[in-house]
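A.B. asks: Single-letter residue listing:
Number of protein chains: 2
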Amino acid sequence: MTLDAGMTEFAKLWAEIAPIGRADSGGYLRFALTEPELTLRDWFRAQASARDMLVTEDGNGNLFAWRGEPWAPGTVLTGSHFDSVPHGGGYDGPLGIVSAFLAADRLEKSRRIGIAAFVEEEGGRFGVPCLGSRLLTGFIKPDQAAALRDRDGISFEEALGARPAGPEPRIEQIAALVELHIEQGRALETPVGVASAIWPHGRWRMDFTGVGDHAGTTRMTDRRDPMLTFAFTVLAANKEARLSGAHATMGRVQVEPNATNAIPSLVRGWLDARAADTATLDRVVDEIVRKSTERAGRDGTALAVTAESVTGEVAFHEELARRISSLLGDAPILPTGAGHDAGVMSAHVPTAMLFVRNPTGVSHSPAEHASDADCEAGIEALAKVLEDLT
Amino acid sequence: MTLDAGMTEFAKLWAEIAPIGRADSGGYLRFALTEPELTLRDWFRAQASARDMLVTEDGNGNLFAWRGEPWAPGTVLTGSHFDSVPHGGGYDGPLGIVSAFLAADRLEKSRRIGIAAFVEEEGGRFGVPCLGSRLLTGFIKPDQAAALRDRDGISFEEALGARPAGPEPRIEQIAALVELHIEQGRALETPVGVASAIWPHGRWRMDFTGVGDHAGTTRMTDRRDPMLTFAFTVLAANKEARLSGAHATMGRVQVEPNATNAIPSLVRGWLDARAADTATLDRVVDEIVRKSTERAGRDGTALAVTAESVTGEVAFHEELARRISSLLGDAPILPTGAGHDAGVMSAHVPTAMLFVRNPTGVSHSPAEHASDADCEAGIEALAKVLEDLT
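Listed in order, the protein sequences are those of chains A and B. Residue numbering for the first sequence follows the working numbering, starting at 470 and increasing by one per position. Residue numbering for the second sequence follows the working numbering, starting at 470 and increasing by one per position.
With the rest of the complex left out, here is chain A (with noise of 0.2 Å):
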């Protein structure tokens, strides 16, 4: 591959993703299975076909590109996800397939590697976050996956044009999986960081249920009003999170009938909750559903909780974050509050991440960044990683 005059390969790379997919609020809708993220698939199997990679499908949604027979044993795979939240920063992702690429175009041919897009790993447009490595991992049933809509009504199975095909037997033969990722918090102060471990944390859906009647005319007194119970749970969660060093969200709502003169029908929030360890988060999420419940029988209101996808703790391959570490001149090992299709796979497969500083922190939203700079160290680290293991 040729340099333009003064553009790193990464620069390069990234500037021909960059405008794929971008809102005019600067941030990503790469939603999977959606024309942006289709677009940014035909652009891996361009980038597989410009280094002789084999690209394969799993039946899933999950894309892979191979350098040496697909799934043969001692492979190692690297690679990450193109999907976006909505308005989201456009590092989340795809900074590890570009990354990827890049590391394997400074190994020797003979190395055995293969790069995965994995499909809907926000959980952006179907619900559940790392939907393609679940289905993978047979971590979710192809019945289940099939049968998820996304906001217009769309089934999953509908998107994918096909039954989702179900888990690869063959990823137990797979030597270790690297993600590289684009961190998510201030914690990392050095271009570089692995992966120790990511928090237990879930979704749950929480369905407020009231009376429909008229803003002007409905007396305070006679009202059944969702709205005053999900305020107070908003209230309550981000006050259990401060009580127990935990992180509680509620950053999406959908009101029925929604209008301004309108009392609410119906009020549906998510609660998105994480804690260091699993018996803090049940703890923390027991406790705001029972206030929540207590406060809804004040309001004259009903509370139906749904888990919509919890993940326990995951701890990452402890010696190979050691070596990797090691490898790397000491880069520190750090937790993270956020899930990764790594963490699905740790599961079968020896995994480890590393993260590429993001100075901000700020994350989920068009402010998301890393410089140029960082992210070359991060390439030149996953090549140095894909080497020693491969």
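If you are wondering where the hints come from, they were derived from the structure by calculation, not from laboratory data. Errors might be hidden in some of the hints.
[Unchecked claim] Mimicking DSS-like on lysine-lysine, the simulated pairs with C-alpha atoms at most 27 Å apart in a straight line are:
#	chain 1	residue 1	chain 2	residue 2
1	B	Lys708	B	Lys760
2	A	Lys578	A	Lys610
3	B	Lys481	A	Lys760
4	B	Lys481	B	Lys610
5	A	Lys760	B	Lys760
6	B	Lys708	A	Lys708
7	A	Lys578	A	Lys853
8	B	Lys760	A	Lys708
9	A	Lys578	A	Lys481
10	B	Lys760	B	Lys481
11	A	Lys481	A	Lys853
12	B	Lys853	B	Lys578
With chain A held as given, fit chain B onto it using these hints.
C.D. replies: Okay, now just chain B, sitting in the frame of chain A:
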């Protein structure tokens, strides 16, 4: 007109429009100048034509059917609106138009009456309630109305197909306006009542701005989460209204990016507030904004408040109300918290309203209902009033 066996004139005419714009919820999606409301306008033209009434448009989106010369001095105007709130009931608006045609059938042909179908009474599409009557009376400027946009970015001018024409000077020649409407609370215990006044009311848009970030990785102490400020405001508005005997509702909210795993960058909530007098309304809204601004300071968020529409107290024509009440056998005279085109028109024309009983008081909801017998009593009362005034 002939009657189907066993169906009243009202039930027959009502059945013609009942399916138009009905959603699976049982409520209606009849937004101004969208397909279902345009179908209702065609139905209006057909009803007028069947009665040899001339149909005119005022260039603001309002439709009129006339018996006698349009806008002739001494004409009595009646009617209401077709548009609904999202998933609203079928009576709010259309009952006044259907009753107007059926009352016209009971009058001698020599009586000069006009039947109005006002556009965008609910403000459900372009955000400003009573938009049609506000344009007709010059209460809102055509340029300002033209620029209003719906949730898909379509302007009122685009929807109308032309710049709004603005005020109609001939309204000053109208002898009286009588709008029949379903009652929206539980205060009316007889089939028909007469309006005394409309509470002062308004809608305020509250933009809560924070910093979008990752829900999993951002420490609680680093957050600037506008959902917290919004939630606090929902509860504060409810409390202030209860303390002051006013009504306050936050039934509509928009969140950006509205993703489960992202702290929002923006939460936009609408406050609907109403009170028996302007001083109380002002005090309640000021107090909500003061408390919300204080909380925004603690949350590290910002609050911008825009008054989208504020309507002072409307006292209907007292003598007219007394005359109508006495004509209807001392029908009860009562105030309402709901805004109406009649309220806007009352600054220019002697105006009265007839209310038809609503047994549960539920409104702006699929559960809104009036019995056929009460609707029939409403038509009879309207015919009596029109006969008396023309």
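A.B. asks: Enumerate the violated hints, using their earlier numbering and listing them in ascending order.
C.D. replies: 2, 3, 4, 10
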